[in-house]
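Undergrad: Go ahead and model the full structure; you've got the sequences and the hints to work with.
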Amino acid sequence: MPPSTYAPVAATGVFTLTAWVVALPMIGAAILLLGGKRTNAWGHLLGCLAALGSFALGAVLFFSLLGKPGDARSYDQHVYTWIPVPGFSADAGFHLDQLSMTFVLLITGVGSLIHIYSVGYMAHDDNRRKFFAYLNLFLAAMLVLVLANNYLLLYAGWEGVGLASYLLIGFWQHKPSAAVAAKKAFIVNRVGDVGLSIAVMLMYTTFGGFAFTDVFNKAPGADRDTILGIGLMLLLGACAKSAQFPLQSWLLDAMEGPTPVSALIHAATMVTAGVYLIVRSHVIFDISPNARLLVTIVGAITLMMGAIIGCAKDDIKKALAGSTMSQIGYMVLGAGLGPIGYVFAIMHLVTHGFFKAGLFLGAGSVMHGMNDDVDMRHYGALRKYMPVTYVTFGLGYLAIIGCPPFSGFWSKDKIIEAAFAQGGTSGWVLGCTALLGALITAFYMTRVMLMTFFGEKRWVEDEQGHEAHPHESPKSMTIPMILLAVGSVFAGGLFSIGSSFANWLEPVTGRAEGHSPINTTVLSVITLVAVALGVGYAWRLYGTRTRPVPALAPAGSPLTRAARRDLYGDAFNEAAFMRTGQWLTRLLVYFDLRGVDGVVNGVAAGLGGSSSRFRRLQNGFVRSYALSMFGGAALLIAALLLVKA
Amino acid sequence: MNPDSYLYLSAILFSLGALGVLIRRDAIVVFMCIELMLNAANLAFVTFSRMHGRLDGQIFAFFTMVVAAAEVVVGLAIIITVFRTRRSASVDDANLLKY
Amino acid sequence: MSAALLATQSAATHLLAGPVTSTGGGETFLFWVGASISVLGALGLIFSKKAVHSALCLAGVMICLALFYMAQGAVFLGVVQIVVYTGAIMMLFLFVLMLIGIDAPESLTETIRGQRWAAVLVAVLFGAILIGVFAHAKLGPFAGMDQANAAAGGNVPSLAHLLFARYFWAFEVSSAVLITSALGAMVLAHRERVTARRTQKELAADRFKRYSKDPSVIVTPMPNPGVYAQHNAVDTPALLPDGSIAQLSVNATLRAQGEVRGITPLPVPLPHEAADGDGASPAGANGSGRHEEVGA
Numbered sequence: 001m002p003p004s005t006y007a008p009v010a011a012t013g014v015f016t017l018t019a020w021v022v023a024l025p026m027i028g029a030a031i032l033l034l035g036g037k038r039t040n041a042w043g044h045l046l047g048c049l050a051a052l053g054s055f056a057l058g059a060v061l062f063f064s065l066l067g068k069p070g071d072a073r074s075y076d077q078h079v080y081t082w083i084p085v086p087g088f089s090a091d092a093g094f095h096l097d098q099l100s101m102t103f104v105l106l107i108t109g110v111g112s113l114i115h116i117y118s119v120g121y122m123a124h125d126d127n128r129r130k131f132f133a134y135l136n137l138f139l140a141a142m143l144v145l146v147l148a149n150n151y152l153l154l155y156a157g158w159e160g161v162g163l164a165s166y167l168l169i170g171f172w173q174h175k176p177s178a179a180v181a182a183k184k185a186f187i188v189n190r191v192g193d194v195g196l197s198i199a200v201m202l203m204y205t206t207f208g209g210f211a212f213t214d215v216f217n218k219a220p221g222a223d224r225d226t227i228l229g230i231g232l233m234l235l236l237g238a239c240a241k242s243a244q245f246p247l248q249s250w251l252l253d254a255m256e257g258p259t260p261v262s263a264l265i266h267a268a269t270m271v272t273a274g275v276y277l278i279v280r281s282h283v284i285f286d287i288s289p290n291a292r293l294l295v296t297i298v299g300a301i302t303l304m305m306g307a308i309i310g311c312a313k314d315d316i317k318k319a320l321a322g323s324t325m326s327q328i329g330y331m332v333l334g335a336g337l338g339p340i341g342y343v344f345a346i347m348h349l350v351t352h353g354f355f356k357a358g359l360f361l362g363a364g365s366v367m368h369g370m371n372d373d374v375d376m377r378h379y380g381a382l383r384k385y386m387p388v389t390y391v392t393f394g395l396g397y398l399a400i401i402g403c404p405p406f407s408g409f410w411s412k413d414k415i416i417e418a419a420f421a422q423g424g425t426s427g428w429v430l431g432c433t434a435l436l437g438a439l440i441t442a443f444y445m446t447r448v449m450l451m452t453f454f455g456e457k458r459w460v461e462d463e464q465g466h467e468a469h470p471h472e473s474p475k476s477m478t479i480p481m482i483l484l485a486v487g488s489v490f491a492g493g494l495f496s497i498g499s500s501f502a503n504w505l506e507p508v509t510g511r512a513e514g515h516s517p518i519n520t521t522v523l524s525v526i527t528l529v530a531v532a533l534g535v536g537y538a539w540r541l542y543g544t545r546t547r548p549v550p551a552l553a554p555a556g557s558p559l560t561r562a563a564r565r566d567l568y569g570d571a572f573n574e575a576a577f578m579r580t581g582q583w584l585t586r587l588l589v590y591f592d593l594r595g596v597d598g599v600v601n602g603v604a605a606g607l608g609g610s611s612s613r614f615r616r617l618q619n620g621f622v623r624s625y626a627l628s629m630f631g632g633a634a635l636l637i638a639a640l641l642l643v644k645a
Numbered sequence: 001m002n003p004d005s006y007l008y009l010s011a012i013l014f015s016l017g018a019l020g021v022l023i024r025r026d027a028i029v030v031f032m033c034i035e036l037m038l039n040a041a042n043l044a045f046v047t048f049s050r051m052h053g054r055l056d057g058q059i060f061a062f063f064t065m066v067v068a069a070a071e072v073v074v075g076l077a078i079i080i081t082v083f084r085t086r087r088s089a090s091v092d093d094a095n096l097l098k099y
Numbered sequence: 001m002s003a004a005l006l007a008t009q010s011a012a013t014h015l016l017a018g019p020v021t022s023t024g025g026g027e028t029f030l031f032w033v034g035a036s037i038s039v040l041g042a043l044g045l046i047f048s049k050k051a052v053h054s055a056l057c058l059a060g061v062m063i064c065l066a067l068f069y070m071a072q073g074a075v076f077l078g079v080v081q082i083v084v085y086t087g088a089i090m091m092l093f094l095f096v097l098m099l100i101g102i103d104a105p106e107s108l109t110e111t112i113r114g115q116r117w118a119a120v121l122v123a124v125l126f127g128a129i130l131i132g133v134f135a136h137a138k139l140g141p142f143a144g145m146d147q148a149n150a151a152a153g154g155n156v157p158s159l160a161h162l163l164f165a166r167y168f169w170a171f172e173v174s175s176a177v178l179i180t181s182a183l184g185a186m187v188l189a190h191r192e193r194v195t196a197r198r199t200q201k202e203l204a205a206d207r208f209k210r211y212s213k214d215p216s217v218i219v220t221p222m223p224n225p226g227v228y229a230q231h232n233a234v235d236t237p238a239l240l241p242d243g244s245i246a247q248l249s250v251n252a253t254l255r256a257q258g259e260v261r262g263i264t265p266l267p268v269p270l271p272h273e274a275a276d277g278d279g280a281s282p283a284g285a286n287g288s289g290r291h292e293e294v295g296a
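Protein chains in written order, with the UniProt record's numbering: chain G, 1 to 645; chain V, 1 to 99; chain P, 1 to 296.
Just so you know, these hints were derived from the structure itself, not from any lab.
Counterexamples of contact, computed for chain P against chain G with all Cβ distances above 10 Å:
(1) I37
(2) G154
(3) A176
(4) A196
(5) Q247
What follows is a list of derived Cβ distance ranges for each label pair:
(6) V:S88 / G:L641: 38 to 46 Å
(7) P:T199 / V:N95: 43 to 51 Å
(8) V:I78 / G:A639: 33 to 41 Å
Bear in mind that the values here come from a model prediction, so they are computed numbers and not experimental data.
Here a beta-carbon is modelled for each residue, glycine too, at the ideal position from N, C-alpha and C.
TA: Right, dumping it as structure tokens:
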């Protein structure tokens, strides 16, 4: 199928509600932040209502879009002129098409469920109202990001979600580790933001504007090297936001935030913004195969990195974070494959949103029952005590490892198939990497499952001496988990029946059929074998009764130790950048104190010292003064003579 | 002998007079050295008047003498006054204007 | 006065030179001798311990300079130099030295650190500069004073013509300067009497009061030196009625220094002159100095 042309129609009628989709959470955030303590009593309810209202509007828009024919589902709504400078057009406008509709539903749907979950989870927190304010702020910013019709507004939404992420990771400000993690996330994201802003600037100089209409319609005629540059800068931005290599170091630290935050932002939605950016800018990537190649390489590397790191983490949230990193690597890999992979990357994104959010909410539920202890070595045999959590978590687990007929099977397999279909050496390398990644995913997820819900009790007392009394979470927490589990089970299948999702998304991204060297069914079987191997190996290590899980983490192989240290990602960043920066700072401080201050103070001291020496010339004796006068006269005459002579 | 020699002599006497002003402590001796400087200048004037063949230099020397006389009168009166109040004629004793 | 001036003038014409670049032998000799004396005098002025010696050295320098002036044809100026400068101004210096104290020799050690060397350095430097300037300057041949002096018939008339014609204003101003300086000297040297001047009556009354307490106080005016003696010099004592020396008549300082002159005994009168018995016989003193009745 030929790639689509970008020609949105002005929004009329029901489609003018698009602006309200963004406005509702924005108003909610404004009220809750500006209202302050007065809104404490009902703040959380307002937040949930805003999210649900946005979701309702999104559903209305979705059904309206369904009513339109496939190639006429693209609408542009101009909201207002943002920067009215002659020669520079930047408008605030929203663009609704299949891709942004998918994201709107995902964001508002999963977002609403997590809002409801947070009511119960944050019930004992004094700042719950502020939490909901920030969540609404995040929703608003993310919706701006996916609905923007020009790259400048997209950048504004990009920054907004970065801010919301910072505020939410560091929500428990009193914990130094949380504050540091928030700062780290923001700073690493800044590096990516530089990339995105350079891309936006390049777009302006190359295409004369930021709007999608300008960029997508003029890109085919532009200089190839500039397009490559724009593509690389966009990739840089996406790497930071989606925690891809080399800017992946912040994601595991971001687990310092409350669990709903990890579920919503760092699993389902914000970290997927990078994939959205790549897919939305597919016109650029279609033109530049080198950029695409780099995208796939980044995706493949991150896929493996995330998987290896996830194997060695004892903190349940960090294990899931490593899993997120890995799955997004899959998505980026899919997006980098070009038209053969865009659709499946987005499909995996949506299914991942369901099951990862469900897994995180389940982890939050487990923590809630275990006095907020995150160490899996202190869990064990929880399935009897938290059955609902066990079931929903288990369904999510089956989805993520790719067990048919659950969601992950459908989406992940398609990506592996598309990787092989790429052809050439890269196709084989990428495909085998994806396959290996599936094996390792199965391994570490089974590990998590076994350590948490099976085996012997390894519970300990917490710092205050309270014993662990695992219990099921309240309904406000379990109902969203159940709903997400439903999604984990059925979403993938629904998307794949009749290629409904592919057909839905195709007019936006374009789709090409790839021909895999390996037969599709054979490939599926190989994948399942790999998964089974992973599960079996994990069972051998963690599930059998003869080898109970040790209470203290054993030393482990060099790979394990490296994985525990995030494959030395932090160590490298510190050595390469942090220390250099500190040396530079110290050098500059040294120069400032000794050099600049030295000069200034030295001048002052010199003046003072020389003054106190010179004042001794005034010794009161007339003869000394006479000598000075005579000497001065002699010098003057000598000078005059020299000049004249 | 070149009549220029008078000028050199004048220069030497002037320098010696200046040296005396700087070295001696007794006010009257200092004054006398100043008179020596004036006289040296007068000698130069007279020599130059001879060189030019005009009398203007001598007139100037004449006026210098007049002024020197007046100056000596007043200066010595001052020294006597200072001596009466402070019982000392040393120029080093008036050293209060210092740091 | 004018005769003397004319005489000096004509005498000086021998020394006057016409337009020359080198002087005649007489002037050369005068110059070298005079210059040596001047420089030595200046050195003496600077390095003498006693102020009086400095003053005399300066007087010597001034006299040499006067000779130079006369040698160069500035006859009037030379005479004025001796009369005014050496005669009046140096004498004024000496009077003030007398008033202020000439006895304390000034110590030649330097109190200000480095002053001496710096002063020598700077003075030498200055002198070198001046000499350098004179050596470097293009001084033409010396025109000499013949023509200038002959313009009005002599040095003095020519100077007078110039002084009272072209420099008249400066002349008047200098007179103002002189008046001002005279006034200034009077004002500065004036001593206010803070107490009333004691009259003779008071002094006498005071003397008698002291006599009443101490009989050795002398109430009468004391005799002048040399009364009834042969000389009236300051160091010749007066004779008392009994012919003895009145020690009090000589200045206490001279007494302390033992410089009282002895008296010469009067010669014994000759026999024939003693038989006359009347007339004013020449005063002869008998050896003892006793007062003898000469006449009735």
